[in-house]
Structure formats: structure tokens, C-alpha cells
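Heads up: the sequence lines are chains A and B, in that order. If you want this note's numbering, it's the position in the first sequence, counting the first as 1, plus 273. If you want this note's numbering, it's the position in the second sequence, counting the first as 1, plus 273.
The set of hints was computed from the structure by calculation and includes no laboratory data. The beta carbon of each residue, even a glycine, is placed where N, CA and C say it ideally should be. Any given hint could be a false lead.
To be verified - FRET-style restraints, in silico, Cβ to Cβ:
1. B:PRO514 with A:ARG292: 55 to 63 Å
2. A:GLU370 with B:ASP562: 51 to 59 Å
3. A:ASP614 with B:ALA316: 54 to 62 Å
4. B:LYS379 with A:ARG628: 42 to 50 Å
5. A:GLY374 with B:ALA397: 44 to 52 Å
6. B:ARG320 with A:GLY541: 53 to 61 Å
2 protein chains.
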Amino acid sequence: MGATALDAKNNDGLLRALRRQPVERTPIWLMRQAGRYLPEYRATRGRAGDFMALCQNPQLALEVTLQPLARFDLDAAILFSDILTVPDAMGLGLYFETGEGPKFRKPVRSRAAIDALPIPDPEADLGYVLDAVRVIRQELDGRVPLIGFSGSPWTLATYMVEGGSSRDFRQIKTLLYNDPEALDALLDKLSEAVVGYLNGQIAAGAQVVQIFDTWGGVLTTDAYRRFSLRHMERIVAGLHPGSDGGQVPVILFTKQGGHWLELIAKSGCQAVGLDWTFDIGRARQLVGDQVALQGNLDPAVLFASTAAVRAEAARVLDGFGPGPGHVFNLGHGIQPGVNPDRVKDLVDAVHNHPRG
Amino acid sequence: MGATALDAKNNDGLLRALRRQPVERTPIWLMRQAGRYLPEYRATRGRAGDFMALCQNPQLALEVTLQPLARFDLDAAILFSDILTVPDAMGLGLYFETGEGPKFRKPVRSRAAIDALPIPDPEADLGYVLDAVRVIRQELDGRVPLIGFSGSPWTLATYMVEGGSSRDFRQIKTLLYNDPEALDALLDKLSEAVVGYLNGQIAAGAQVVQIFDTWGGVLTTDAYRRFSLRHMERIVAGLHPGSDGGQVPVILFTKQGGHWLELIAKSGCQAVGLDWTFDIGRARQLVGDQVALQGNLDPAVLFASTAAVRAEAARVLDGFGPGPGHVFNLGHGIQPGVNPDRVKDLVDAVHNHPRG
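With the hints as extra help, turn the sequences into a complete structure.
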């Protein structure tokens, strides 16, 4: 710790951009900014033992949350946690096998299993997450805002029904097409759970929340509306004000959801996260002043040269154009194997870019 | 063989729909209609030994091409082959490892390697594919049209540079961002190779060709235009007339490319293939009478019940609406593990659906 990046106080660029207010420089944070590409993260994770132990220890979660802020002049911290803490708290038994991704000991496959699922109590069942939010917020001491997050109900449901990651989503798609009412029931429960979870994070100090709809993009348009977007709309409508009494901005990110941008922009969220495939200038034309936009550099650019990072960052910034409402980010998380120096190049390029 | 499905002669529904002429019933064919979900395919492949031996033996390729037509009342045959025959003919050494997907012994990683690549001569280097086209066309004897195909230059390049399948496209994205001119040079060669290959298939008897741009959807919009779409436009412009002197319709399929539909529709192709995520009714509004549309049932529907197959097929057909220009298909290939009875349910549902 102790880097100059943590010394400046009251950086509210992210909050201003999410409210579409003018900013002096485009704020930037990066999905998975605390992660395996950082040697200090790998060291902390090594000490923790396994990934869930890292998530469940608020002091270690604090440590890895702050690591990228010590290195880079980022405009926000994001809670270090996993999207699958909620289904874990519902009794599914989350575990991680090396190289295999997340798995559940008890996948949900029947209407009876869905009806038996409890709604977690945030403080009782997910207190380790809320404790992490509290200590991170305290430690940040206003230097940058803290972003909380959850997976979307649909995205959580994919892991719960498949029992882990999937390529073809065979189990949940079979449920979707054969028994859509059972899937509705599962998603209703998850929506209630996520509202409680995010309100818990807000009460603990989260100043912005992002909903990660990582797998909404594998649905047909009709199914996206019914099984993903509708539930995210309910969540947005159910969130409480922040501790200062103001609205907590919600960023809604559906990977591969660019072609539903106009639907998403009407969800009640304050910002839409774009993956890297959708042209951000076109996105801005489509949404007008309805929402802010977050994104959307191809995360693979970070494997290339400093010159390429600068050129592609400028392309995104110029694509959005002048005026308020842009939060710079990648179009997906930082990949393992990225050189941290390229991340520094990116943050500097965004901050040094002239605003129109 | 010998099923009644092969008895009706001169089914030109596919060709009429691609030309946006009226048809009595919506024509249907299915990506990967000859494949592992069919027990007779698995038997032939077992006799062939490995996958490439199956592709390289025209009699066996004929056999598996005709298998789905013996079972189902499909409106087209598609050449059984692999998209990676072209890079294999360029000397990269294609092989398949069980459960691992395709691999190349000699991936292309440098400008020198790109400059050294030969352009294959279709008859000399890919004669086994053209022989397969000839025997299939002869055996079909006009009952249904024969579709030839190629991978898009960009899609072929991903495998050539990565050395096989990829999740993050790290190698080719690094080339793209660090040395775009080298990638242009590779894609120029591949475009020339694909034009020759498809013209070879057309001369051998292919009546329609489809370009599979399986991985175009992982690009930014600017990169898609430069590194994928532009080359497909060159290919469309370089194709010869068919043996009857008429234009051979081209179907252009970019997976996850729905948000570029208006760009693709201006490529010169006769039809755009849609994956299952893009609403086909909206697609039709966007393209008007520029092109026909092919698609776009979620392939996972085939894991569900007969009732679900019928309902979702009707949703796609009603979504397109009345009038000409629709070729029914899945939004991606049939997955292994599908029950062939559901494919029959689908073909029957499409053919029995009232046309407006």
C-alpha cells in the first residue's frame, strides 16, 4: 500500500459519470481489476489456500480489493468476491476444482428442488461479504467509490441448474423449453435473494452496484426478456437508497447483449455495460440521454503493445465522443497472463485523453 | 437409403426462397444435419477410422451427406466436409485429437510464415472435396439442391494462428493489434484461396454456397469490418456462375453477428444466416427486401419435448411472418446427444406450418 494513487481524496468521477454529469477526466475501472494477472494477488491467494477461503475472509478480500488501486490510478474499487456466493448460501455447496471452474455439489434440477430452496438472509448467511464491504469502505476512506455486485438471476441459475460452467447450457435450456414456469419460480427466488443481497451491500457501504449478466447473451430475444431482463428490472426497482439517502447507481452488464441495448436502457438502470463487440458511438446514438455507458475495450488489447493499448483506448474514447456519461472499462474481465504494465498504460491513456 | 423422402424430384424450395420467390412451404435444412447425433453417422465414422479420413474419402462423404435426407424431409443437402481443409491444403498439418477439437502441427505466427503460405490449387490439393461434390450431386439427381461451403478467411485464420480452437483468441488478437498489416496479408491469401475453393465446388456442382464466419463475433465492430466482412465481400464478388449459367446464391453466416446485420446485408450475399439470439422479425424489418434470411431456432430446443420443438418452430416462423425469403435453420449446428426424433418433429413442424 501507500502508493500515491491512494492519496487523493474524494474522487467522485465515477459517480458523476454514472449520473451523466461533467467530469474532468473519463473515470476508469476494470472488470477483474483484482485478479490473477497481478503477482500480489497470486501471493495472497496462495496464503488463503483456495479461492473460496479468499472470498470468505474479509481481511484478505480487503487486501486483494486494494491491490490494483495501489498500482494504478483507478477511479473505483470493486468488492472482491464471487457471483456464486448467493447460490452457495442457498445450500448448493459451491467448490472450485483446479482448471475446472466453479461447481455445485447439489445442482438444482427439479421443481421440488426449486421449491425447497431457501432465500438467504444477507447478514446471517452472507455476512462475510457484508463485512468485506464494511472494511473496504472504511479503508478506502472516500478516496474512490466502492462498487458492489451480484450475478443476474439468469446467470446464477445457469450455474445452479448445470452444476457448474457450461458450453451448451443443455440442462437449463431443457428446463426453459420444457417447464418455463419452474424456471420462472427459480428466477423469482433468485431475484428476491439478489435484492436482499445488494441491499445488504448498500447498507454496508457499497456506493454503486453492478449486475453481471454474463450468460444472458445465450438466450433468444423473447427468452432474454422473460428469463433475464425482467428479473434485473425487478432488482433495480427493489434497491434501497445509499447511506447518504441518495440513489445508488446500477450498472447492468449483459455480455453479448449489445443488440438488446434499447431494451436494457429502459430497465431503470443508470448505466449499461457494453462488451467490446458493440460500437460505443452507435450505442450512444441509440440510448441518447437515457443512461450512461460503460466500456468497452477488447480485453485482448492488453496482450498487445503500449502503442496498441493507447490507440485502441483512443478509439473507444473518440467513439463515445465529447460530453458526459462515459465510464471507461474493458468489455469483459482482465485475462490471466496480462502484463500489469499494459494496465498502467491503459489507465494513463484514458486519463490523459483530451475530453472534447 | 430408399426412403420416400428421396423420391420427390426437383425440390427447388431452397433456391426459390434464397431468391425471395414464393414457395409452397418454408424450406428447411440444418447446420450439421449430418453429424454425431445420428447413429448411422457414428457407424460410418467408425468404419472410416478418424474424422479426416471420413472427409477425404468421397464415397464415405457421400454416404454421410445423404444419411439425414434418408431420415428427414429436408430441402437441401450440404456437402460433408470440414472448414479446415483449406489451411490443411496450405501445409499446416491438420489433425484431430479426441475431445480436443482440431489442431495444426504448424501454426502460423510470423510475417515470414504468412508470406511463405501457398495458395492451394483446388483440383490438385483439394480434389477429394470436389470429387465428393461431384458424386453427391450425381447421387442426389436433382431431388434437392446441394450446398457447398467454406470457412470465412477470419475464422480460418483464428485456427491457423492459434494452432487450434481457442477461448480467448490471444495469439490472433495480439497479431491483430500489434501487426494488422501482417493479418491483412494472411487474410488476403485466405480470401484468394477461398474464392478458388468455392469456385471449384461450384464447377463441381454446388448450387448454393455458405460462408461460415464462426468467429467473426469475437471482434470489435471496426475489426469485424476490416478483418472479416471485407474479405467475405471480396469472396462474394469473386464467385463464378453455376453450371446452368445462373448466379449461385451465397449465404453469409456470422455467429453473434446480429448487431452487424445491416452491414452484412450490403455485402452482396443473397442471404444472411442468423444465430438464435437475434429476433428474426426485427431482422426482417432491418433488411427489408435486400436479402433472404436463414435461421434461427435455438439448437438447444432439440433437447426438449416435441411440444416445445413445435412451439419454438412456430415462434420463428411467425416471427419472420408471411411473404418470401425465409430459409428455416437452426441458429447453430445440431449438438451431439440430440434425439433424431426431435429433428423429425422439427422438419414436420416447419413443413406443416401455414404460410401467411
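These are the hints, each one checked on the structure:
1. B:PRO514 with A:ARG292: 55 to 63 Å: holds, 59 Å
2. A:GLU370 with B:ASP562: 51 to 59 Å: holds, 53 Å
3. A:ASP614 with B:ALA316: 54 to 62 Å: At roughly 55 Å between Cβ atoms, ALA316 (chain B) and ASP614 (chain A) fall inside 54 to 62 Å, so the hint holds.
4. B:LYS379 with A:ARG628: 42 to 50 Å: Taking Cβ atoms as reference, LYS379 (chain B) and ARG628 (chain A) lie about 48 Å apart, which means the hint holds.
5. A:GLY374 with B:ALA397: 44 to 52 Å: The hinted range 44 to 52 Å holds for GLY374 (chain A) and ALA397 (chain B), with Cβ atoms some 46 Å apart.
6. B:ARG320 with A:GLY541: 53 to 61 Å: holds, 59 Å
Of the numbered hints stated above, none is contradicted by the structure.
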